[in-house]
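Visitor: With the hints as constraints, model all of the structure from the sequences given.
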Amino acid sequence: MENLTELLVELIRRASTDLPSDVEGALRAARDREDPGSAAASTLTVILENVALARAHSRPICQDTGTPIFYVRFPAGMSIRELQAQMEAAIAEATRRAYLRPNAVDSITGRNSGNNLGIGFPTFYWEEGEDEILDVALLLKGGGSENVSAQYSLPDESLHAGRDLEGVRRVVLAAVQKAQGEGCAPGFLGICIGGDRGTGYSWAKKQLLRPLDDVNPVPELAALEERLLRECNELGIGPMGFGGKTTILGVKIGAAHRLPASFFVTVAYMCWACRRARMTVRGGEVTYS
Amino acid sequence: MAIYYLSTPISEDDIRALHVGDTVYLSGVIVTGRDAAHKYMVETFIRAAEVPEGERPLYEELKRLLKGSAIYHCGPVVRQREDGRWEFVAAGPTTSIREEPYQADVIAHFGLRGVIGKGGMGARTLRACQEYGAAYLHAVGGAATLIADTVKEVLAVYKKDEFGVPEAFWVIRVENLPLVVTMDSHGRSIHEEVRTVSEENLRRLL
Chain E
1 MENLTELLVE LIRRASTDLP SDVEGALRAA RDREDPGSAA ASTLTVILEN
51 VALARAHSRP ICQDTGTPIF YVRFPAGMSI RELQAQMEAA IAEATRRAYL
101 RPNAVDSITG RNSGNNLGIG FPTFYWEEGE DEILDVALLL KGGGSENVSA
151 QYSLPDESLH AGRDLEGVRR VVLAAVQKAQ GEGCAPGFLG ICIGGDRGTG
201 YSWAKKQLLR PLDDVNPVPE LAALEERLLR ECNELGIGPM GFGGKTTILG
251 VKIGAAHRLP ASFFVTVAYM CWACRRARMT VRGGEVTYS
Chain U
1 MAIYYLSTPI SEDDIRALHV GDTVYLSGVI VTGRDAAHKY MVETFIRAAE
51 VPEGERPLYE ELKRLLKGSA IYHCGPVVRQ REDGRWEFVA AGPTTSIREE
101 PYQADVIAHF GLRGVIGKGG MGARTLRACQ EYGAAYLHAV GGAATLIADT
151 VKEVLAVYKK DEFGVPEAFW VIRVENLPLV VTMDSHGRSI HEEVRTVSEE
201 NLRRLL
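In the order they appear, the protein sequences are chains E and U. With the numbering used here, the residue at position 172 of the first sequence is 172, and numbering never jumps. With the numbering used here, the residue at position 53 of the second sequence is 53, and numbering never jumps.
No wet-lab data here; the hints were simulated from the structure. Being a predicted model, the structure only gives us computed values, none of them experimental. The beta-carbon is built from N, C-alpha and C at its ideal position, and this holds for glycine as well. Treat the hints with caution; some may be incorrect.
Stated by the list, open to error - Below, in silico cross-link-like pairs of lysine to aspartate or glutamate (EDC-like), each with a Cα-Cα straight-line distance of 20 Å or less: (1) E:178 - U:200; (2) U:160 - E:106; (3) U:39 - U:22; (4) U:39 - E:106; (5) U:152 - U:82; (6) E:245 - U:193; (7) E:178 - U:100; (8) E:245 - U:200; (9) E:245 - U:199; (10) E:178 - U:193; (11) U:159 - E:106; (12) E:245 - U:192.
As the list claims (entries may be wrong) - One side of the interface only, derived from the structure: several residues of chain E facing chain U at Cβ under 8 Å: (13) 43; (14) 61; (15) 182; (16) 234.
As the list claims (entries may be wrong) - Which chain E residues stay away from chain U? Per the calculated CB distances, all over 12 Å, these: (17) 33; (18) 71; (19) 131; (20) 214; (21) 262.
Guide: And the structure:
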């Protein structure tokens, strides 16, 4: 098969050094909403200056270039083994070019592998498509926001959260309040209702790939996304936790089937630097978005 | 909310003049240190009965560098130039609360005036700031390229091979690093105040 390594390095460079236009637009709108002269407004101004600088100089927006998570839809017959080898080579090369920080640490010895490759690192999700298109989406998920992500098992007595959408609303608000500014607010929430403890997190993270202006096809979830976005911003945590009107910039919810015994709500918190990029290869032609 | 331009070494008077909400532009020599560095400093220098022979040169160097200066919770992206010198490519703050078990001891032992990071720290660190005359200075999380541009020179690096690039002690000279005082030497913490307000808001929303 064709060697896509250099094209994949370019995908990684784009993900690390630029923000999707909807994310940057949401940050700009937030800055304009905050009171002029407030710590919230000046923080958002610094953030936007930083994004412009990173883009202009092709340098990482944030030094924590995160866990690279690849979502791959591949045509039938393509070798996943070869594709994975190329993606790993691209990760190592992007690290060498300082688009990525060496981020893979051996959990036993504490040694950093130096090239972002290691056991279960990076993360890959594979899905065979029905057409001849290779589609690679990349999410760079930073550690600060990963650390404040949370999973609740409903019912949760302390929050009076039962096994329904009202219960979901309660635990999500509690998770955001608990996170304060530590996940680099204003953040984005990917939420999974249901699944098991493992799929809960992977589905929740996958929601973060959705563009901010899409509308959830499930009306109840669309309404809950809208309400949670409004209410999270009434918490008053603000950018970096300095106080302010902007705590969360986007809420995306998905639901997965669950066991009768379990009702998990998983909240994947993403920092303001919601770094996602996509590469599509169609008949030898490559596009990035 | 005032604006201050401070240079290392920072005096106690300069720190006592700062209040939460003030902006500080910091210049001078500071040192990065995060999880592995804090654990190492406390276990090898502060709580050890005796500093091992091989670790003494670094101990002396850190004592000299940190007195009156600041430690920066940061794991940078770096690049080595062809002449062998290092430069910072991206260098935003990391979450500080992980250093809470160590920070107060490090402030007291090394005479730190500033702790730079993000997310704020807890009660023990706040008390150490009051007692020894130090402040917690919040950098904008994720503003990594902008902050890297304020790093004018990398003077030295210690423990790079042992701890890895993000966790090493990087000795850097900064110019006008933009910071907000969120914990001052008078016992105030923006983080505690926002937590309290947001708790009340949460109760109302539930």
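Visitor: Give a verdict on every hint.
Guide: Here is what the structure says about each hint:
1. For the hint linking residue 178 (chain E) to residue 200 (chain U), the alpha-carbon distance of about 12 Å falls within 20 Å, and the restraint holds.
2. The suggested pairing of residue 160 (chain U) with residue 106 (chain E) holds, with an alpha-carbon distance near 15 Å, which does not exceed 20 Å.
3. Only pairs whose Cα atoms come within 20 Å are accepted, and residue 39 (chain U) paired with residue 22 (chain U) is rejected, the gap being roughly 30 Å.
4. Annotation: proposed proximity of residue 39 (chain U) to residue 106 (chain E) holds, straight-line Cα distance about 17 Å (limit 20 Å).
5. Between residue 152 (chain U) and residue 82 (chain U) the CA atoms are separated by roughly 17 Å; this keeps the pair inside 20 Å, and the hint holds.
6. The hinted pair formed by residue 245 (chain E) and residue 193 (chain U) meets the criterion: a straight-line CA distance of about 16 Å does not exceed 20 Å.
7. Taking the CA atoms of residue 178 (chain E) and residue 100 (chain U), the gap is near 17 Å; set against the 20 Å cutoff, the hint holds.
8. A hinted pair counts as satisfied when its Cα atoms are at most 20 Å apart, and residue 245 (chain E) with residue 200 (chain U) qualifies at roughly 15 Å.
9. With a C-alpha separation of about 15 Å, the suggested pair residue 245 (chain E) and residue 199 (chain U) falls inside the 20 Å cut-off, and the hint holds.
10. Distance restraint check for residue 178 (chain E) and residue 193 (chain U): the Cα-Cα separation of roughly 14 Å lies within the 20 Å cut-off, and the hinted pair is therefore satisfied.
11. With a C-alpha separation of about 17 Å, the suggested pair residue 159 (chain U) and residue 106 (chain E) falls inside the 20 Å cut-off, and the hint holds.
12. Taking the CA atoms of residue 245 (chain E) and residue 192 (chain U), the gap is about 18 Å. The hint holds against a cut of 20 Å.
13. For residue 43 (chain E), the suggested interface contact is upheld, since its CB lies about 6 Å from the closest CB of chain U, less than 8 Å.
14. Because the closest C-beta pair between residue 61 (chain E) and chain U is about 6 Å apart, less than 8 Å, the hint holds.
15. The criterion of a C-beta within 8 Å of any C-beta in chain U is met by residue 182 (chain E), whose closest approach is roughly 4 Å, and the hint holds.
16. With its C-beta approaching chain U no nearer than about 6 Å, residue 234 (chain E) sits inside the 8 Å limit, and its interface hint holds.
17. No Cβ of chain U comes within 12 Å of the Cβ of residue 33 (chain E); the nearest lies about 17 Å off, and the non-interface call holds.
18. With a closest Cβ-Cβ approach of about 23 Å to chain U, residue 71 (chain E) is found to remain outside the 12 Å limit, as its non-interface label requires.
19. The beta carbon of residue 131 (chain E) sits about 37 Å from the closest Cβ of chain U, which is more than 12 Å, so the claim that it is off the interface holds.
20. No Cβ of chain U approaches the Cβ of residue 214 (chain E) within 12 Å, the least distance being about 24 Å, so the stated non-interface status holds.
21. No Cβ of chain U approaches the Cβ of residue 262 (chain E) within 12 Å, the least distance being about 23 Å, so the stated non-interface status holds.
Taken one by one, the earlier hints fail for this structure only at number 3.
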